[in-house]
Amino acid sequence: MMQLIEKGIDWWTANIPPWAVIALIAHGTVMLTVAYLILLERKVASWVQDRLGPNRVGLGFGIIPIIKNWKMNGLGQPLADGLKFIVKEDYRPAGVDKILFTVAPGFMVLVIVISIAVLPWGGTRQTDRIISIPPGTANVHDQARRQLAQGDEIVGQPVHLGGDQYRVTYQYPFQIANLNIGVLYILAVLSLAVYGVVIGGWASNNKYSFLGGLRATANMISYEIPLGLAVLCVIVLFGTLDLGQLVEKQCHNWAVIFPAWNVCSQPLAFIMFLVCIHAEANRAPFDLAEAEQELVGGYHTEYSAMRFAMFFLGEYAGMITTSAICVALFFGGWDFPGLRGPDALHPAVTTSLIVCILRAVVFFAKTGLIIFLFMWVRWTLPRFRFDQLMMLAWRGLIPISLAMLMMTALVVFAFHGNTYNGLGGTAALVLLIFNLCTAFLIMLISSMIPPAPATNRRVKVIGSRYAETPLPAGG
Amino acid sequence: MKDSDVIILEEPRLSRADQFYLPQVLIGLGTTMKHMFNVVVRDKHRVLQYPEERREDLPVEKGGMLLKSYRGVHRLNKDEEGRVKCVACFMCSTACPARCIHIEAAESPWPDREKYPAKFDIDELRCIYCGMCEEACPVDAIELSHVYDIVGLTRQEMIFDKAKLLKIFDETVKNEPM
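Heads up: the sequence lines are chains A and B, in that order. Counting in the numbering used here, the first sequence runs from 1 upward without gaps. Counting in the numbering used here, the second sequence runs from 476 upward without gaps.
One thing to keep in mind: the hints can contain errors.
[Unchecked claim] From the structure, some residues in chain A lie toward chain B, with a derived Cβ separation under 10 Å: (1) Ser46; (2) Trp47; (3) Asp50; (4) Asn55; (5) Trp376; (6) Val377; (7) Trp379; (8) Thr380; (9) Gly396; (10) Pro399; (11) Leu441; (12) Ile442; (13) Met443.
[Claimed, not checked] Derived contacts from chain A toward chain B, CB cut-off under 10 Å, selection only: (14) His27; (15) Met31; (16) Thr33; (17) Gln49; (18) Arg51; (19) Leu52; (20) Gly53; (21) Ile271; (22) Val275; (23) Leu369; (24) Ile370; (25) Leu381.
[As the list claims (entries may be wrong)] In silico negatives: residues of chain B with every beta carbon more than 10 Å from chain A: (26) Lys519; (27) Arg521; (28) Glu528; (29) Val535; (30) Ser544; (31) Thr569; (32) Glu579; (33) Asp587; (34) Glu589; (35) Glu609; (36) Gln631; (37) Met633; (38) Asp645.
The hints are simulated quantities; they were obtained by calculation from the structure and are not laboratory data. Treat the numbers as computed from the prediction; the structure is a model and nothing was measured. All residues carry an ideal CB built from backbone N, CA and C; glycine is no exception.
Sequences and hints are given; from them, build the entire structure.
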């Protein structure tokens, strides 16, 4: 029996690449979390409004014996909702574009699913395995390479143990895809998500849906720019687009105790980024695409049942991805005291699988905190008016983030002459001071620019009581 | 309307700090966090777990219901001998602004009155619970009880007949004497 299990494990490590397992677990976790995020959203909403939120449906659903009447604080609510969405009539109004109407929600989910691929869940794991290479093989390294699963990287030379047995030490990244342009990939893929909204709005053949889609486009175009610039502030510092490496470079301490996370050295860039991901994820106060008060439901007015649920899923999963990127860029990803590897130069490398899993848990927990911030903000701030939204992006965020980028580039060039391989304490302090200076300068300069044009003010309609020239008598 | 009667309100100008949104945003986040803290940690919410907790069980100053003046579903009162008090005078159905009371009078089987209602239907869906019937009744036969949680699966079910109205009397007379 034991032999059989051992054989099974051997077969597993030889044939199933780790990224496949991680992909399965990561996607499963994210999708399940989305359901519970909706519960959390409702809970946060009710807490803010002095209510308790859904607290009736337990996991027994009133059917399963023993736990039938346990309420569990509403833990069964998301599953009950999901079941409702599945069995509900999937209504499609007359006059919609039949293909695009179905494609749009699917597109939304697809985009989010593929964007999870590059998230650095847990650094790099180093492990070894004994494989058999037939004697007389010319290139042992190559032969060993061929026997390992895809994505594994051999460290050093395979050690000969006698006979045809070799011990191979190899590393694999604890993430789905180890892409060296991870950040670029995320930015590209996430901006595709708006296509789901636009296509959905267009296919619905409904003026409100269409307006919602249009707003989403304008929103996205405006906020992509400061988002990219805020990300560039970090990229310029470290000179890499690999999310795993970006995290690894934040894995040390300043002055022994302060974690070297980018949020400490670049708070202004972090705030820019945070504001932009709110817009990117179509969340309040930038959720003009689904402004209930003006556009009924916005782009998903005509959607119901599972198609609507997929839009929802996409929106919340998008929140997870953007928050995860935020954590990776500004909060040191999986970095946590005690989870760094033994090698100070490569703190991401660890031999323990448990450490990797713990890192993933930490990463997810940090992401959860950012998501909570999303919800907290949503139930605090009212929605921006459309002209205010545009004003904030074009007159506010874009100039500020440009200034931020120039400032960061200046610091990197003047104090180091090259990108950092890990920000030292002094450099971080300099960056922080420059950040604050930039913020101060912006405030100073902003008082000098002429005020914004008075839009959306009362217009004196001819003939009204506000008109300066009243209509001629009898007119 | 004269021009001098029109008050034109200008929206307040934002201060320099307000124009950067962030200070005000942080203040707002603080306010909501205070509420969240109160609910989650100190359990100071404003929720009534309805079927288990009811407003009529709470004191009025804590959000309870003032039963004295509450107008719920109707009841038909009975006299000491258990007979319906109504004399089928049609005062209530005449007074009813919603026209929801339908009475069919018949010769009374009892010597102390001429008529009694053979049928007495109230459409509880049409009723606006104004209490005019109660005011109009000369013999205090129709009254509005404190019962508010009446349900039905069909419209027909919500037309309460004499038997049902008398049953409501039996159920509520203990808590609300005539």
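For which of the previously enumerated hints does the structure constitute a violation, in increasing order of number? 10, 11, 14, 15, 16, 23, 24, 26 and 27
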